[in-house]
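Participant: Sequence:
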Amino acid sequence: MPSASAKPDKASDRTSGERSSPDPSADTGQEKKSAKRPASAARGSGVPGRGRMTAEERRLASERAELRAATLKRLEKSAGKLASAAIARMDDQLAWYRRMPPEHRSWIGLVAQAGIAAFTEWYRHPEAPQAISTDVFGTAPRELTRAITLRQTVELIRTTIEVMEEAIEEVAAPGDEAGMRESVLVYAREIAFATAQVYAQAAEARGAWDARLEALVVNSLLSGDADEGVLSRAAALGWGQPSQVRVVMGSAPDGDSELVVEAIRRAARYAKLHVLTGVLGRRLVVVVGGDKEPVHAARALIGQFAPGPVVVGPTVGDLLSATRSAHAAAQGLKACAAWPDAPRPVLADDLLPERALAGDEVARRQLVEEIYTPLEEAGSALLETLSVYLEQASSLEGAARMLFVHPNTVRYRLRRVTDVTGYAPSDVRSAFTLRIALALGRLGSGPDQG
2 MPSASAKPDK ASDRTSGERS SPDPSADTGQ EKKSAKRPAS AARGSGVPGR GRMTAEERRL
62 ASERAELRAA TLKRLEKSAG KLASAAIARM DDQLAWYRRM PPEHRSWIGL VAQAGIAAFT
122 EWYRHPEAPQ AISTDVFGTA PRELTRAITL RQTVELIRTT IEVMEEAIEE VAAPGDEAGM
182 RESVLVYARE IAFATAQVYA QAAEARGAWD ARLEALVVNS LLSGDADEGV LSRAAALGWG
242 QPSQVRVVMG SAPDGDSELV VEAIRRAARY AKLHVLTGVL GRRLVVVVGG DKEPVHAARA
302 LIGQFAPGPV VVGPTVGDLL SATRSAHAAA QGLKACAAWP DAPRPVLADD LLPERALAGD
362 EVARRQLVEE IYTPLEEAGS ALLETLSVYL EQASSLEGAA RMLFVHPNTV RYRLRRVTDV
422 TGYAPSDVRS AFTLRIALAL GRLGSGPDQG
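Heads up, the sequence shown is in my numbering, so the first residue is 2 and it goes up one at a time.
These aren't lab readings, by the way, just hints derived from the structure by calculation.
Please read all numbers here as calculations on a predicted model, not as lab measurements.
Quick reminder that beta carbons are idealized off the backbone N, C-alpha and C, glycines included.
Please note: incorrect hints may appear among the correct ones.
Listed next, with one range per pair, are the computed distances between beta-carbon atoms [to be verified]:
1) 425 x 304: 29 to 35 Å
2) 416 x 254: 27 to 33 Å
3) 220 x 254: 16 to 22 Å
4) 322 x 272: 21 to 27 Å
5) 344 x 151: 43 to 49 Å
6) 370 x 214: 32 to 38 Å
7) 296 x 214: 41 to 47 Å
8) 362 x 197: 53 to 59 Å
9) 214 x 175: 28 to 34 Å
10) 80 x 281: 53 to 59 Å
11) 322 x 444: 35 to 41 Å
12) 271 x 338: 30 to 36 Å
13) 170 x 102: 32 to 38 Å
Could you build the full structure based on these sequences and the hints that come with them?
Facilitator: The following block contains the structure:
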């Protein structure tokens, strides 16, 4: 009957509907259970990219490992041959390499062999961190960084890498050519960084050593202990043989002394000057070589000094004679407080009277030798006229009356004083220098009296 057959169908529909539409609460519980599943269960699902390799991935990895192991064996056997080929290529293509002494070429050969050996070890354990700079460059002495430049080292590395790249088809196991080529490229990058690190460390060490050596040279000049050893040390610092040398001295600015010294060097390079410099206590001392006029040369560097006087010692002919310039600059800096209006920079010779008053025997002798003695040799009339003009009279007419001569005679004699000494009695500053020289000469502090 139709009515009887319809009921089972509805029941069947309800049953199938219940199976096809599960309870939402059941879904939530199922999701919670899934969420609580450990990550290891997900990795074990066999889905690619979830962490655990599939059988296909394991097979490919095993094949790559076998190829790499085969390549490694061939690479170990070919290491000596590759090193010899690299050295032969250097000798053939690099003219400067052929001109090097045998000892240096031997060092470079050791570096090439160490580089290939380090690549072999790196190829064996690519995941392990390798101190490539130590492995490769540790075989050669530190002097090698002085024997060859960074540019030459780059050429050596490029040549060695080229030899290795050309040997890939021969060295790599069949099917591993691309893998080895990629490894060579990665290693080339690492060795380039290692090279930069080695030369950077060498530059830092050399800079620190040069700074100590430079300070030693400057200190020797200040103490008056300059000898042939100073010349050799200065030559090691790149000091040439300028025909004019003088010492500039002033107060050192606050801050790192290394930065101060570097600023002086930078300013000197811009001004095309040779310099040796150092910060000694609170003083900044610069030995300047070059053909520029002394004050002009000092002005090129004056911005690096602290506020205060900057004194330029007299120009001398060579570095060993710079002890005189250093002494004058140091004494001038000490006595500069007696002349508050002194120019900046000021010549040490312009501070002769202040230096003499401060007890500088060199300045005293220089005043007597350059002023008093020449005037005395030129005739007593010049000394007498100068003494009266400076010490008793305030004008030409007054001096003429005291000397019982015509004013023109006084004018002529004073002009002769200027010709003989270079100092004009009518100038206030020159008159001060002349008076100090007259006093020292009268006291008998000339060169004969010590």
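Participant: Mind listing which of the numbered hints don't hold for this structure, in increasing order?
Facilitator: Hints 2, 7, 9, 11 not satisfied by this model.
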